[in-house]
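J.: What follows is the residue order along each chain.
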Amino acid sequence: MTISIDPQKTNNESLQPKGWLRYFSFSLDHKVIGIQYLVCGFLFYLIGGTLASAIRIELASPMSDFMPRDVYNQVLTLHGTIMIFLWIVPVVNGAFGNYLIPFYVGARDMAFPRLNAVAFWLIPPSGLMLVASYFVEGAAQAGWTAYPPLSITTPQSGQIIWILSVLLLGGSSIFGGINFIATIIKLRRPGLKLMQLPMYCWAMLGTSLLVVLSTPVLAGTLILLSFDIIANTGFFNPVLGGNVVVYQHLFWFYSHPAVYIMVLPAFGLVSEILPVHARKPLFGYTTMVFSIMGIVVLGLVVWAHHMFTSGTPPWMRLFFTIATAFIAVPTGIKFFNWVATLWGGKISINSAILFSCGFIINFVFGGITGVALAQVPFDIHVHDTYFVVAHFHYIVYGGTVFIIFSSIYHWFPKVTGKMLNEKLGILHFIITFIGFNLCFAPQHWLGLNGMPRRVAEYDPQFQFVNQISSLGALLMAISTIPFLINVIISVRNGKDAGDNPWNALTPEWLTSSPPPVENWEGEAPLVEEPYGYGKEIYEQK
Amino acid sequence: MTTLDSSKEIQKNNSEVNETHEDFRMFGLVTFLIADGMTFAGFFAAYLTYKAVNPLPDGAIYELELPIPTLNTILLLVSSATFHKAGKALLKDKNSDSQKWLFITASLGIIFLICQLFEYFHLPFGLTDNLFASTFYALTGFHGLHVTLGTLMILIIAWQSRINGGRLTSQNMFPLEAVELYWHFVDGIWVILFIILYLL
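Quick mapping for you: the protein sequence lines, in order, are chains A and B. In this text, residue positions in the first sequence follow full-length UniProt numbering: the first is 1, and each later residue adds one. In this text, residue positions in the second sequence follow full-length UniProt numbering: the first is 1, and each later residue adds one.
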């Protein structure tokens with residue numbers, strides 16, 4: 001038995017709205033769904049960024065004077081939840097995965113187009129519900145980790161809405177993961193071997209495995225937590241005999257892999273972007289593949305390094321310290337491979353590669369502080385201080401968000417058929433890079449000197465450094481403006497891009513820009529070596 | 001460019017391959033069941049940790065009665081076999097036989113749920129009495145939810161095969177095969193649950 005995956009057949013083209021309106025309607029075309037993910041995620045990024053600015057304004061002075069304390073907690077919680085569950089995870093997985101994976105496997109759509117649309121359309125309602133919970137009885141205020149007993153004792157309607165929203169987003173994530181696994185493993189064009197796939201496919205395969213194995217555990221945990229809140233059971237309530245550490249174990253079993261769910265696709269995307277702009281083959285393809293799978297396996301067994309101060313027994317600390325430190329090995333392999341890809345290449349300076357190089361720099365910094373944090377004595381010293389905040393943002397903003405922007409600059413010509421303005425793009429990069437480092441580098445110092453995170457008031461001795469950090473946050477907020485202007489101007493009257501402005505070899509560039517509904521007129525091209533740039537250079541010599 | 005220039009013949013074959021693809025729905029279902037299994041794994045891990053770390057207060061030792069859950073285990077194992085019979089019958093195009101076996105399977109599922117409810121009403125503890133009671137109800141309740149969904153799906157495919165003669169045939173076995181796999185999965189989870197919760 002066979003299933004039709006021709007989008008023209010599944011979509012009933014005559015009923016679909018034409019023009020740009022089709023990007024805001026229910027569609028089964030993987031390209032439309034990818035763009036929907038990106039636009040929806042970016043809107044939530046603007047909301048989350050506004051909340052982040054509010055946090056930094058509050059922290060510009062030592063006293064709690066910009067907003068009341070419980071509002072500060074709500075803003076903090078919403079910022080974390082929105083940025084993770086509604087911006088980074090949907091965009092690096094859903095947006096780029098949906099747009100690129102069918103091209104990379106030589107298919108006309110994902111394996112399950114309807115499931116794909118369902119996975120996307122779960123996101124806007126649950127995100128809006130999360131934001132709207134502020135107006136009910138106050139949004140959740142227990143942080144994005146929702147640690148009990150705090151999450152049980154704070155006002156409850158907001159927390160319940162938070163749980164519902166995260167459950168729906170987790171469902172969306174699982175549906176997406178199932179779809180990606182089926183597409184990459186089963187839907188490959190005949191003759192395309194696994195080891196010929198572009199690196200992003202491998203990254204998405206690893207990410208989807210993590211999603212399928214760990215997200216359900218979070219769902220189960222949150223169901224138990226909601227029982228604690230609604231039905232007054234005592235799973236995580238010490239007063240009723242429960243155990244909060246069990247919550248932490250179950251929560252971090254998802255939320256540590258969640259870091260890799262955010263970062264692995266970024267690894268894949270940067271591996272696509274660097275070879276194109278450096279005109280060199282990706283260095284060490286096989287090691288890159290095995291390091292991704294190594295990160296997947298190790299990522300699943302290191303969750304307890306978030307819990308060194310939760311009364312973890314010493315043998316457990318030893319195991320989790322060693323396992324965590326080991327993740328530096330595959331990650332280091334990837335880092336050196338990227339540097340080796342750049343080494344001696346004909347690098348063209350443009351916004352895409354600038355953001356990618358910014359990613360490499362930031363990620364090394366975040367990775368090194370990560371290895372430091374895996375060591376128990378150091379972790380106990382800086383636990384729950386701004387050092388952790390700085391490390392986390394170096395990984396997640398400096399890593400993932402830089403790559404999201406890099407990917408937008410790289411694939412914008414393919415999606416719209418227009419080029420982005422390079423001058424505005426480079427301006428965007430410079431402001432973002434300076435603002436980001438100004439914002440988060442000083443926070444390492446704050447953490448080492450003992451400023452706790454998640455507080456609205458702090459010792460006045462930290463004021464000056466906090467103000468530098470807030471200035472950086474202001475710059476990051478400003479950096480969005482040239483980007484938005486750039487996108488709006490370029491969509492309307494940018495320079496025509498042509499089919500393959502970067503002379504790239506990966507399959508999505510071998511069709512017209514923007515691509516037709518069926519991805520290719522006629523047969524899908526078989527790209528045996530997606531990174532065969534070196535040969536081209538040698539032939540020219 | 002390393003793009004392969006193919007002959008007209010290969011081109012034709014490829015366009016055919018690309019417009020339809022073989023059925024991956026079973027593959028997707030297996031992936032989903034792995035995910036669902038991880039939810040149960042989380043619950044089991046929580047239960048075992050509570051059992052090891054948080055002992056019940058003195059005098060609050062609950063012995064679970066074994067007869068009903070043992071009966072339930074047998075019911076589910078038998079229902080797996082009857083479901084298998086339904087599939088065999090459909091494969092031989094004996095639609096009415098297949099429907100009969102499906103209805104027997106669904107009845108076994110319903111009897112299972114009734115037995116579980118009977119057990120709930122005769123237990124000496126309630127949901128919020130203590131940690132053990134809460135975990136007990138969470139685990140068996142979550143499994144009972146799966147049985148309920150499974151029973152509903154069996155009734156739906158039985159109805160499909162009755163009303164729309166063409167919907168469920170030996171050529172279109174997928175709905176039956178999918179529900180059968182799901183049902184076996186739910187049975188397997190029950191066996192693990194029975195061992196961990198009642199026997200350990």
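For the record, the hints were derived by calculation from the structure and aren't laboratory data. Quick reminder that beta carbons are idealized off the backbone N, C-alpha and C, glycines included. Possibly wrong hints are sitting among the right ones.
[Said to hold, decoys possible] Just so you have them, the derived chain B footprint on chain A, three or more residues with Cβ under 8 angstroms:
| # | region |
| --- | --- |
| 1 | 29-39 |
| 2 | 134-143 |
| 3 | 361-375 |
[To be verified] Now the in silico label distances, taken between C-beta atoms and shown as ranges:
| # | chain 1 | residue 1 | chain 2 | residue 2 | range |
| --- | --- | --- | --- | --- | --- |
| 4 | A | Ser25 | B | Ile156 | 24 to 32 angstroms |
| 5 | B | Cys115 | A | Val371 | 51 to 59 angstroms |
| 6 | A | Gly191 | B | Thr49 | 33 to 41 angstroms |
J.: Each hint should be assessed against the structure and marked as holding or not.
T.: Okay, the hints, checked on the actual structure:
no.	hint	result
1	29-39	violated (count 0)
2	134-143	violated (count 0)
3	361-375	violated (count 0)
4	A:Ser25 / B:Ile156: 24 to 32 angstroms	30 angstroms, holds
5	B:Cys115 / A:Val371: 51 to 59 angstroms	54 angstroms, holds
6	A:Gly191 / B:Thr49: 33 to 41 angstroms	49 angstroms, violated
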